[in-house]
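**Student:** For chain A, the structure is supplied; the task is to place chain B on it using the hints.
Number of protein chains: 2
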Amino acid sequence: MGPRGGACDPDQADLDARAFSLDRFSITPALLRGGRELASLPLSEARLQDDARWPWIMLIPRRVGARELEHLTARDRAQLIEEQIAAGAAARAIGSALGRAVEKLNVAALGNIVPQLHVHVVGRRSDDPAWPGPVWGVGQAEPYAPADLDAAVAAASDVLAGWSFKRS
Amino acid sequence: MGPRGGACDPDQADLDARAFSLDRFSITPALLRGGRELASLPLSEARLQDDARWPWIMLIPRRVGARELEHLTARDRAQLIEEQIAAGAAARAIGSALGRAVEKLNVAALGNIVPQLHVHVVGRRSDDPAWPGPVWGVGQAEPYAPADLDAAVAAASDVLAGWSFKRS
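Keeping their order, the protein sequence lines are chains A and B.
First residue of the first sequence? That's 18 in this note's numbering, and the numbers climb one at a time after it.
First residue of the second sequence? That's 18 in this note's numbering, and the numbers climb one at a time after it.
Incorrect hints may have been included.
It does not matter which identical chain is meant; a pair holds if it fits inside one copy or across any two.
Derived SDA-like pairs (lysine to any residue); straight-line CA-CA distance at most 20 Å [unchecked claim]: (1) LYS121 - ARG84; (2) LYS183 - LEU89; (3) LYS183 - HIS88; (4) LYS121 - GLU85; (5) LYS121 - GLU87; (6) LYS121 - LEU48; (7) LYS121 - HIS88; (8) LYS121 - GLY82; (9) LYS183 - ARG109; (10) LYS183 - GLU85; (11) LYS121 - GLN133; (12) LYS121 - ALA69; (13) LYS121 - THR45; (14) LYS183 - THR90; (15) LYS121 - ALA147; (16) LYS121 - THR90; (17) LYS121 - VAL81; (18) LYS121 - SER143; (19) LYS121 - VAL131; (20) LYS121 - PRO132; (21) LYS121 - ARG80; (22) LYS183 - ALA106; (23) LYS121 - ASP144; (24) LYS121 - TRP153; (25) LYS121 - ASP145; (26) LYS121 - ARG109; (27) LYS183 - SER57.
Simulated from the structure, these hints should not be mistaken for laboratory data.
In isolation and in its complexed conformation, chain A is listed as follows:
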């Protein structure tokens, strides 16, 4: 489930992607901090943020050097948005497992602070601590209680492990 080498498929690579493929993929430490591995999806590593305030999943495409969506090929982009759907379902599963059903999903690629391309998929409720504003930069992460963290990881991993990705 760790990072994979040779992330770029030469059949679909444009010039930029070929340049990326000279290096090996790794996740920048800032994206590893405060998170747990959930699944290695076809394109992205899926991680749970250890913040009990929101079911919060991070998708990190295994493409070396990518910082913007435009650095992915169209084929990878189509896969990424399917992985956003899967991560949304996983966030909903976390909310349900912990008795706080998700009411709205927030999906965002920002990267103002950590340049490596990553997509946030966050389950929101009208009684959450930032509603209706965005979650980024709000207060401090509140780590899950151990049993809740286990339940969240199990619920999300189950959804992601069984996900059948659609082709566009």
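**Tutor:** Frame of chain A, contents of chain B only:
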């Protein structure tokens, strides 16, 4: 952005399936306010937010009743992410036209306040008024000077009118 309008109405959620088949597409007034038409893309209406603080484009898929990405088909989703790339290029063109080159793109589907599915594509700079935080809910929109608004609309419209969408 815009006034709050019955976000996450459960009755509306229950009616989604019928709404898809019975209603005609329209843009909710909250998404029309403070914006200008840019282009009618294959899936979405592209609009410029009249806020000189950021080159800010809104994509509104022409799909009745859609509130989450999962309400689109996989084919529509692949198109939507291509339209995010086009809108990003248009936001960069606005920045360049106004002498404030975009350094980072922020792309987000939130919808906590306005339920109709819409995607924000925002050009960011490290000297902008919210950097590195998100732009949503920060201060008040600052309308463009008339000449700048014309320049922004022209720059973005040119990019979108000439865009060649890739297939995944």
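**Student:** Hint by hint, note whether the structure agrees.
**Tutor:** Now the hints, each set against the structure:
no.	hint	verdict
1	LYS121 - ARG84	between (26 Å within a copy, 9 Å between copies)
2	LYS183 - LEU89	both (19 Å within a copy, 12 Å between copies)
3	LYS183 - HIS88	between (22 Å within a copy, 13 Å between copies)
4	LYS121 - GLU85	between (25 Å within a copy, 8 Å between copies)
5	LYS121 - GLU87	between (26 Å within a copy, 11 Å between copies)
6	LYS121 - LEU48	between (24 Å within a copy, 18 Å between copies)
7	LYS121 - HIS88	between (28 Å within a copy, 12 Å between copies)
8	LYS121 - GLY82	between (31 Å within a copy, 14 Å between copies)
9	LYS183 - ARG109	within (19 Å within a copy, 31 Å between copies)
10	LYS183 - GLU85	between (23 Å within a copy, 17 Å between copies)
11	LYS121 - GLN133	between (26 Å within a copy, 12 Å between copies)
12	LYS121 - ALA69	within (16 Å within a copy, 29 Å between copies)
13	LYS121 - THR45	between (29 Å within a copy, 18 Å between copies)
14	LYS183 - THR90	both (17 Å within a copy, 9 Å between copies)
15	LYS121 - ALA147	within (13 Å within a copy, 24 Å between copies)
16	LYS121 - THR90	between (29 Å within a copy, 18 Å between copies)
17	LYS121 - VAL81	between (31 Å within a copy, 18 Å between copies)
18	LYS121 - SER143	within (9 Å within a copy, 30 Å between copies)
19	LYS121 - VAL131	between (25 Å within a copy, 11 Å between copies)
20	LYS121 - PRO132	between (26 Å within a copy, 9 Å between copies)
21	LYS121 - ARG80	between (29 Å within a copy, 18 Å between copies)
22	LYS183 - ALA106	within (14 Å within a copy, 27 Å between copies)
23	LYS121 - ASP144	within (12 Å within a copy, 31 Å between copies)
24	LYS121 - TRP153	both (16 Å within a copy, 16 Å between copies)
25	LYS121 - ASP145	within (11 Å within a copy, 28 Å between copies)
26	LYS121 - ARG109	within (9 Å within a copy, 29 Å between copies)
27	LYS183 - SER57	within (17 Å within a copy, 26 Å between copies)
Of the hints listed earlier, there is not a single one the structure fails to meet.
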